[in-house]
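Numbering (the UniProt record's numbering) for the sequence shown: 1 to 286.
None of these hints come from the bench; they were simulated from the model. Any given hint could turn out to be false.
[As the list claims (entries may be wrong)] Using 30 angstroms as the maximum straight-line C-alpha spacing, the simulated DSSO-like pairs for lysine-lysine come out as follows: (1) Lys-282 to Lys-258; (2) Lys-282 to Lys-163; (3) Lys-258 to Lys-20.
[Claimed, not checked] Estimated spans, in silico, between C-beta atoms of each pair: (4) Arg-167 to Asp-67: 26 to 32 angstroms; (5) Lys-110 to Ser-231: 19 to 25 angstroms; (6) Arg-170 to Arg-93: 47 to 53 angstroms; (7) Lys-111 to Glu-50: 25 to 31 angstroms.
Since the model is a prediction, treat every value here as computed from it, not as a measurement. The beta-carbon is built from N, C-alpha and C at its ideal position, and this holds for glycine as well.
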Amino acid sequence: MSKVLVTGGSGQLGRELRLKAQIFHDHTFVFTDRSELNIADAFQVRQVVERERPSCVINCAAYTAVDRAESDIDAAMSVNHSGAELCAAEARRIGARFIHISTDFVFDGKKSTPYVEDDMTSPLGVYGLSKREGERAVLDAHPDACIIRTSWLYSAYGANFLKTMLRLGRERSEIGVIADQVGTPTWTADFADVLLQAVTADLSGIFHYSNEGVASWYDFAIAIMELSGLSCDVRPLETHEYPTPAQRPAYSIMNKRKIRSALNISIPYWRVSLQKCIERLKQEDL
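Produce the complete structure using the sequences and hints provided.
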């Protein structure tokens, strides 16, 4: 039985993988969080990898505070670039496979058709830049690594757009949400299933994964209110009406043909998955 080491095990994706791992009996899993493994610390990375000797490493650890990254450049680069490189290098050193999570924010959003894996990257902010540099460093350190870009992750865990909208929907009668940025909401439960399949599929190179379909943040918020039975009105905002420190891509739809073919999977529509996640949240509230 092979062993899988997961970094960032307390994040929303890591926590979803913990649940899935309980019924994924072909592998044993070791989950670490930042208190156990700071991936930007070369000594810790070497120590944990040497102790566990995994056959595969899934790097879910990341600096994801998009706006804060604009003034916290060193921290974002330390984790998303240097840390990813250290983990990839250590995985290669012991002959382990390496799966790294990246983001749609490596693109500038100027296309009008879905991004494919070999489209030019041109991040608009520090977060996207740190992830793009991390991708490059990972492939330099471990040429057979698998990088999967995803978008707009949400889950029943941690802080994310879904949880924020549910809170605001209960507290307010009306909110404004950006309507001129489009992408695809992605449920971590669906993504975790794909990652577990990738463990055994021996993928290498760059892939895209999100749920299917297209939505603006406004569409996403409307669906959250409808599916959760909240009466909060959602009004559309243009990006200039809600300025943020970091600029975000206006269009970040990704083409998933490559990963669908490689894993022979059917990808759920975003609204179907959102309903399942909200139902799970309701059950946990009871």
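* To do: Starting from the hint 47 to 53 angstroms, judge whether the C-beta atoms of Arg-170 and Arg-93 obey it.
  => Holds, since Arg-170 and Arg-93 (Cβ atoms, about 50 angstroms apart) stay within the stated range.
* To do: Indicate whether the distance between the beta carbons of Lys-111 and Glu-50 respects the range 25 to 31 angstroms.
  => 43 angstroms, violated
* Between Arg-167 and Asp-67, does the C-beta distance stay in 26 to 32 angstroms? -> For Asp-67 against Arg-167, whose Cβ atoms are near 18 angstroms apart, the range 26 to 32 angstroms is violated.
* **Cβ separation of Lys-110 and Ser-231, checked against the hinted range 19 to 25 angstroms** => Since the Cβ atoms of Lys-110 and Ser-231 sit about 37 angstroms apart, the hinted range of 19 to 25 angstroms is violated.
* To do: With a cut-off of 30 angstroms on the C-alpha distance, tell me whether Lys-282 and Lys-258 pass.
  => Violated, at roughly 35 angstroms.
* For the pair supplied as a hint, Lys-258 and Lys-20, confirm whether the alpha-carbon distance does not exceed 30 angstroms. => Distance of about 24 angstroms is within 30 angstroms: holds.
* **30 angstroms limit on alpha-carbon distance, applied to hinted pair Lys-282 and Lys-163** => 12 angstroms, holds
When the structure is compared with the earlier hints, violations turn up for hints 1, 4, 5 and 7 and for no others.
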